[in-house]
Structure formats: structure tokens, C-alpha cells
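With the first letter of the sequence shown counted as 1, position 57 gets the number 645 in the working numbering; the numbers rise by one all the way through.
Derived by calculation from the structure, the hints in this document are not laboratory data. Worth double-checking, as some hints may not be accurate.
Per label pair, the in silico range of CB-to-CB distance [as the list claims (entries may be wrong)]: (1) Glu869 / Asn721: 48 to 54 Å; (2) Gly850 / Pro706: 42 to 48 Å; (3) Pro866 / Leu701: 50 to 56 Å; (4) Gly850 / Ala692: 56 to 62 Å; (5) His656 / Val796: 46 to 52 Å; (6) Asp712 / Val796: 53 to 59 Å.
Computed cross-link-like contacts, SDA-like style, restricted to lysine to any residue with a CA-CA straight-line distance of at most 25 Å [unchecked claim]: (7) Lys886 / Val796; (8) Lys886 / Glu859; (9) Lys886 / Leu784; (10) Lys887 / Phe702; (11) Lys770 / Ser747; (12) Lys887 / Arg794; (13) Lys711 / Trp633; (14) Lys773 / Arg674; (15) Lys887 / Asp810; (16) Lys652 / Ser632; (17) Lys652 / Leu667; (18) Lys773 / Val796; (19) Lys773 / Thr761; (20) Lys652 / Lys773; (21) Lys887 / Ser858; (22) Lys652 / Thr714; (23) Lys887 / Ala867; (24) Lys773 / Tyr820.
From the three backbone atoms N, C-alpha and C, an ideal C-beta is built for every residue, glycine too.
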Amino acid sequence: MVLRAFHRILLLSIAGLLVMVGVCLAGIDPVRLERLGGNRVPLSWNNIYGPPEVISSDAGPPDKRHGHRSITFAPGQELLFRLPSRSIIRLFNPSGELATIPFAISISDGNGLFIDQPIIASKDHTSLFVVPNLQNPGLARVQLAETASSAVSAALFTSYYQTVGKPLAYLTTMQLTAPQVKIRKRPLEAAQTYYLMEAGRPTQVRVVGPAHYQLQQRMIYDGAEEHRRVEYTVETQLNQAPYFNIRLATEPDTHETVNVDGSYPPLSRSERSYFSVPAGEHVLTLIPSKSLYVRLLKKEPSNFLFKNLNDPLPAADQNGPAA
């Protein structure tokens, strides 16, 4: 009788433990759940109304309304602006009358020849869209036809894809053998430490594995390439032996004004690369083909219960050792 009661208590205890484990397994931390999911990249819009995007304009000054800045075009007036690659152009006016307005939009790849683009109106007639096939940054011109009956106010936008921000929890910044700089994207934002890696010059850091690393980088443009899409490579070595190469194509950052130690050099958009190192202590060498500002971040283990279940999938590593 006592043995049967003991078995019953034991079974109830095991069942209770399984329920607790099930609750823990079902409640994956939302931060890690986001990292396990796919990278959903939303389409965002950059309001164009003045320098450095606008090169020239004989239209009226920008006027803030409806939460953005609009520009008033008189008949015959035009505006010339820089157009990022693979970007959509949008004119917006909430009145719903843009579909009947004789706007003309043309683009150029920088050779001086402007090509008129087909314009698509939204169903509610509040927006006009142009989808140019531009693989490199170029120029775009918006003009209100001289036959327009009156001046028209519209907000001008270009599209861009803004990667969903990933949390920096459990990431440690590594110290590199390179000059330090302080970078901030907003006047009141805390500055972050980056390192200047000069083109062709090796930069080293001691790393301990097995571990996952993230390399954040911004390319420094020279005068000849300031408005172009540029390809570059970061060669890596592990203990003086070739490891792998990071190959990236980037373009000017037209959405953020980046402050570097009090100055504003022309920089590319922020790029991220991921890689792993094997077990043991190693010397990692980075050799860029272009001058970069970089941060190297090491992923630290989390303190979650069942933390292995909350880790990103191995497929998140985009770079690996050379074959």
C-alpha cells in the first residue's frame, strides 16, 4: 500500500516537472524569437526637401505640413536631387488630386542624359510613383508642366530598406590594434567607439572560440567615389593562415548624417557581416581593400533557462572558413 502511494506521488511529481518544462519551452524569450525568425526588411521613405539630397531647385521653399515637408511647384518649375540605387520616387499630397496633375519625372545615371519615366498613381490619387531601374546612385528631376493651371504642393520621397534593428544584448565590443574614433548618428546620441582600418593595412585582434562574431563597418568615401556604389573586400587571416573573405557592395548613406570625432566625412551606409571562429585562442587579422570604420562584436552566452533553445540558428552565419 505504501509502495503504491509512493509510485503515485512519484508519477505526479514527474508530470508536474514535465508541465513546468513545457511552459519553459513554450515561452521562448521574444528577443531570441525575433532572431530565430526571418529578417523582415520594411520599406521606408526618406523625405527629400533640401541639401545634401537636393542639388538645385527653382521651386518654392519647403513647408512643413501633415508631418513632413512639402514643396510648392509653380508651372514650369523643377527640382533636381540625388537618387539612391534601387530607390522608388514618390510624390504625395493628401488632397487626392495628384493623378490629374501634369508632373514629369526623369532620371539620369550621371552621364547628363535624362530619361522620362512612367508615372503610376495610387488608387486613392494621393501619391504618384516612379520605379526606375537604377543599379547605381544617380540623379532625378521632378518638373511641373508649364501647362498646369496653378501651383501644386507635394511632398517628395525616396524609398529605402531599413533593416529591423537587432538588440545588442550579449554582444561585447572587441579592442583592435587600430586608431579609435567616436561616432554618433544624432547630436544627443551617445557616441560609440569604432576603429579606423586603413586600406591594405592589417589590423589584428585576439579572439577566443568557439564563438560567433559580428563586424559592423562603414566605408570611407574618397572624392572620386562619393556618390557611387562601391564594392570592397575584407580579407581575414586566422593565426597568419588565410581564413575567408568578406565581399560587400555598398553605397552612400543618404539617410543619416554621421558625426566622426566632430567632423562629417562622406560614409557608406552601415554594413554587417557575421562569422565564427573555432575553439581555442587565435589571432584574427583583418585587411580591407578600402578604408573603413569598424566595430567587432562578440556574441556572449545568454543567461536564459534552456539558453541553447534561444540561440540563433547556425544558418545565421553568413561567412565561414575558406574551403
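Comparing the hints with the structure gives:
A hinted range of 48 to 54 Å for the beta carbons of Glu869 and Asn721 is consistent with their spacing of about 50 Å. Distance hint for Gly850 and Pro706: a CB-CB separation of about 45 Å, consistent with the stated range 42 to 48 Å. Distance hint check for Pro866 and Leu701: the Cβ-Cβ separation is about 53 Å, which falls inside the suggested range of 50 to 56 Å. Remark: the range hint 56 to 62 Å for Gly850 to Ala692 is contradicted by a beta-carbon distance near 42 Å.
Our hint of 46 to 52 Å for His656 and Val796 holds, since their Cβ atoms are close to 49 Å apart. Between Asp712 and Val796, the C-beta spacing of about 57 Å keeps the proposed range 53 to 59 Å intact. Between the alpha carbons of Lys886 and Val796 the distance comes to roughly 10 Å, so the proposed pair stays at or under 25 Å and holds. Our distance criterion of 25 Å between C-alpha atoms is met by Lys886 and Glu859, whose separation comes to about 16 Å.
A threshold of 25 Å between alpha carbons decides the hint, and for Lys886 with Leu784 the separation of about 18 Å falls inside it, so the pair holds. Between Lys887 and Phe702 the alpha-carbon distance is near 48 Å, which puts this suggested pair outside the 25 Å criterion. Among the hinted pairs, Lys770 with Ser747 is inconsistent with the structure: their alpha-carbon atoms are about 29 Å apart, more than 25 Å. For the proposed pair Lys887 and Arg794, the alpha carbon gap of about 15 Å is at most 25 Å, so the pair holds.
Our distance criterion of 25 Å between C-alpha atoms is met by Lys711 and Trp633, whose separation comes to about 19 Å. Of the supplied pair hints, the one linking Lys773 and Arg674 holds, its CA atoms being roughly 24 Å apart against a limit of 25 Å. A hinted pair counts as satisfied when its Cα atoms are at most 25 Å apart, and Lys887 with Asp810 does not qualify at roughly 33 Å. Between Lys652 and Ser632, the direct Cα distance comes to roughly 19 Å. Compliance with the 25 Å bound is thereby established for this hinted pair.
Among the hinted pairs, Lys652 with Leu667 is consistent with the structure: their alpha-carbon atoms are about 17 Å apart, no more than 25 Å. Annotation: proposed proximity of Lys773 to Val796 is violated, straight-line Cα distance about 31 Å (limit 25 Å). Under the criterion of a C-alpha separation no larger than 25 Å, the hint pairing Lys773 with Thr761 is consistent with the structure, at around 18 Å. With a C-alpha separation of about 23 Å, the suggested pair Lys652 and Lys773 falls inside the 25 Å cut-off, and the hint holds.
Restraint check for Lys887 and Ser858: the C-alpha separation of about 19 Å stays at or below 25 Å, so the hint holds. The hinted pair formed by Lys652 and Thr714 meets the criterion: a straight-line CA distance of about 17 Å does not exceed 25 Å. Distance restraint check for Lys887 and Ala867: the Cα-Cα separation of roughly 14 Å lies within the 25 Å cut-off, and the hinted pair is therefore satisfied. Distance hint between Lys773 and Tyr820 is fulfilled; the C-alpha atoms sit about 23 Å from each other, no more than 25 Å.
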